[in-house]
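Novice: Residues per chain are reported as follows:
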Amino acid sequence: MTELAAAANDVRWGDSSLWRWVRAYGSSRVAVFGALLLSVIVVLALLAPWITPQNPYDLATLDLLDSRLPPGAHASSGHLVYWLGTDGQGRDLLSAILYGLRVSVGIGLISTLIALALGTSIGLVAGYRGGWVDALVMRLVDIQLAFPSILLALILLAFLRPGLSNIVIALITVQWAYYARTARGAAMVESRREYILAAVGLGLAPWRVVLRHLLPNCLPPLIVVAALQVASAITLEATLSFLGLGVPVTEPSLGLLIANGSQYLLAGTYWISFFPGVALLATIVAINLVGDQLRDILNPHMQTL
Amino acid sequence: MVRFILRRLMQSIGVLLVMSLIVFAGVYEIGDPVLIMIGPDATQADIAATRGALGLDQPLPMQYAHFLKRALSGDLGRSYAYSTPAIKLILERMPATFELAFAAMFIALLLGIPLGLWAGLKPDSFAGRTIMTGSIFGFSLPTFWVGLMMIMLFSVHLGWLPSGGRGATTEVLGVRLSILTLDGWRHLLMPAVNLALFNLSLLIRLTRAGTREALLQDYVKFARAKGLSQSRVVGVHVLKNILVPIVTVIGLEFGSVIGFSIVTESIFAWPGMGKLMIDSINTLDRPVIVAYLLVIVILFVVINFGVDLLYGILDPRVRMSEGREVL
Numbered sequence: 117m118t119e120l121a122a123a124a125n126d127v128r129w130g131d132s133s134l135w136r137w138v139r140a141y142g143s144s145r146v147a148v149f150g151a152l153l154l155s156v157i158v159v160l161a162l163l164a165p166w167i168t169p170q171n172p173y174d175l176a177t178l179d180l181l182d183s184r185l186p187p188g189a190h191a192s193s194g195h196l197v198y199w200l201g202t203d204g205q206g207r208d209l210l211s212a213i214l215y216g217l218r219v220s221v222g223i224g225l226i227s228t229l230i231a232l233a234l235g236t237s238i239g240l241v242a243g244y245r246g247g248w249v250d251a252l253v254m255r256l257v258d259i260q261l262a263f264p265s266i267l268l269a270l271i272l273l274a275f276l277r278p279g280l281s282n283i284v285i286a287l288i289t290v291q292w293a294y295y296a297r298t299a300r301g302a303a304m305v306e307s308r309r310e311y312i313l314a315a316v317g318l319g320l321a322p323w324r325v326v327l328r329h330l331l332p333n334c335l336p337p338l339i340v341v342a343a344l345q346v347a348s349a350i351t352l353e354a355t356l357s358f359l360g361l362g363v364p365v366t367e368p369s370l371g372l373l374i375a376n377g378s379q380y381l382l383a384g385t386y387w388i389s390f391f392p393g394v395a396l397l398a399t400i401v402a403i404n405l406v407g408d409q410l411r412d413i414l415n416p417h418m419q420t421l
Numbered sequence: 030m031v032r033f034i035l036r037r038l039m040q041s042i043g044v045l046l047v048m049s050l051i052v053f054a055g056v057y058e059i060g061d062p063v064l065i066m067i068g069p070d071a072t073q074a075d076i077a078a079t080r081g082a083l084g085l086d087q088p089l090p091m092q093y094a095h096f097l098k099r100a101l102s103g104d105l106g107r108s109y110a111y112s113t114p115a116i117k118l119i120l121e122r123m124p125a126t127f128e129l130a131f132a133a134m135f136i137a138l139l140l141g142i143p144l145g146l147w148a149g150l151k152p153d154s155f156a157g158r159t160i161m162t163g164s165i166f167g168f169s170l171p172t173f174w175v176g177l178m179m180i181m182l183f184s185v186h187l188g189w190l191p192s193g194g195r196g197a198t199t200e201v202l203g204v205r206l207s208i209l210t211l212d213g214w215r216h217l218l219m220p221a222v223n224l225a226l227f228n229l230s231l232l233i234r235l236t237r238a239g240t241r242e243a244l245l246q247d248y249v250k251f252a253r254a255k256g257l258s259q260s261r262v263v264g265v266h267v268l269k270n271i272l273v274p275i276v277t278v279i280g281l282e283f284g285s286v287i288g289f290s291i292v293t294e295s296i297f298a299w300p301g302m303g304k305l306m307i308d309s310i311n312t313l314d315r316p317v318i319v320a321y322l323l324v325i326v327i328l329f330v331v332i333n334f335g336v337d338l339l340y341g342i343l344d345p346r347v348r349m350s351e352g353r354e355v356l
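Residue numbers (this note's numbering), protein chains in the order written: chain A, 117 to 421; chain B, 30 to 356.
Treat the hints with care, as some may be off.
As the list claims (entries may be wrong) - Taking lysine to any residue and the SDA-like style, the derived pairs with C-alpha atoms no more than 25 Å apart in a straight line are:
1. B:LYS151 <-> A:ASP412
2. B:LYS117 <-> A:PHE275
3. B:LYS98 <-> B:LEU328
Hints in this document: simulated from the structure, not taken from any laboratory.
Looking at chain A on its own, in the form it has when it is part of the complex:
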């Protein structure tokens, strides 16, 4: 949250100050709840190696005799209580979920940030330059956005083969178009304003006009789109991993944990799929709540959909 607040402050929207911004955010109790929930999730994910009762990747600590124990069961070694039960390999589910959260949130954040940088650069250049560059980029964006993201990602992963870096590549490829379109739209509006004309008139280099003058003023809508896109990136990664095209088995994200549990579902062993899903849902809802409020504050004209 603090980075966003700082970013919001940096762009100097007339009379807005950090405090005013925080107060505007706090006007919705649901949004505050979302921010708190998100902070808790991020802290838990970051601290996972130090707070989990077990290292779920360390095969030496796993006991196959403990596999598929229900929530609240005691470990056969006696030291441990499996609060959320264990999975098919006898892994403590709580530990696995916290580690999975790291993978899911990490992939979501990294791919969103890279896509944001890439899409924004392309969109700004297209919107500022106009002409054939703009036509080409927008044509590409239109074509890409006509296809559902899941299909695009699936095709890419079918080609690239599953893996951590490939899923990030797939997510970036799916997402860049949203930022390119948003940045291009903002750049077209802003580049007609007086301050840009003045900057150009002063004889500043084009890169300087774009980076120092255009970019900061195009940021608000981009921040909103990025905040909401993190949630879709996380969902998409989970879905792909669930289909077996995502993260490797050695580093299970929440989606893969759910997939692992699904094979025991028909036997009535619900918790292996249920709890990772709850963690996933909480993460996505928290991000969406924060993103919705950011949109309301930063961009009151954007239609609420």
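Using the hints, position chain B against chain A.
Specialist: Coordinates of chain B only, in the frame set by chain A:
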């Protein structure tokens, strides 16, 4: 209008060509299917023979040229796994996917528009708020997880509905359908609801936003001033004006429903083309992957083309040259 249609047609063909090249080149990269197809004790000569029989020993541009020539005559190659024409496999599975997609769209419309109207007419009521909160969940919930939880609840715990498959089908005009038998409905219900969730939420929000906007317009105030009943104001004046964006979205979303049916079909073991695609990726069945992707691309090009035209017809304010804004 004619120029617009022609230009869009040319663009569509361009998209198709580019996609076929990308798909073909990409699929070529995913690994050697020969090693998977034949047993581990095959000799080097066997491998070479299989490769030659499949045409895999030729350079890539040659393979693409052959592929394109054959594709134009409707032949997209034979499935390595089933040894039947890939396009036939896809077309066999297509009715199941379409049935699922139509059922999902139907459910989304049937529930989404009334709920959205309600939430739009009474935004501050308890029901209105509940509907909106529900739609936020509909957006946030990972579809595949909801599907699993539905199986857990309705199949495992309650035992009301089967967990997968298509059930009894009846043949109508050579196409097998599930919706005509009770058993088919029992199988269709869960996957369709699961697939409908996202669009249901989208429709609720669209309808609600449209209704709230329409209620402020002069024509609604005028209709009220004339003393028309609430049901007539809402049913005719409001609904008619929010229908344009809804129709557009439904058209565009139909494509994404087909795309997302990959996930739903995998969860509920629904024998559609999405499930076939996932299976083919896992067995590196190249011709089927290529055929599926090309069928999907054609489908999307047709859908988008249709929506563009429909949009222009429904709303004369839309300037054709500008195209539409994708949501």
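Novice: With reference to the structure, classify each hint as holding or not holding.
Specialist: These are the hints, each one checked on the structure:
no. : hint                  : result
1   : B:LYS151 <-> A:ASP412 : holds, 21 Å
2   : B:LYS117 <-> A:PHE275 : holds, 23 Å
3   : B:LYS98 <-> B:LEU328  : holds, 20 Å
Hint compliance for this structure: every hint is met.
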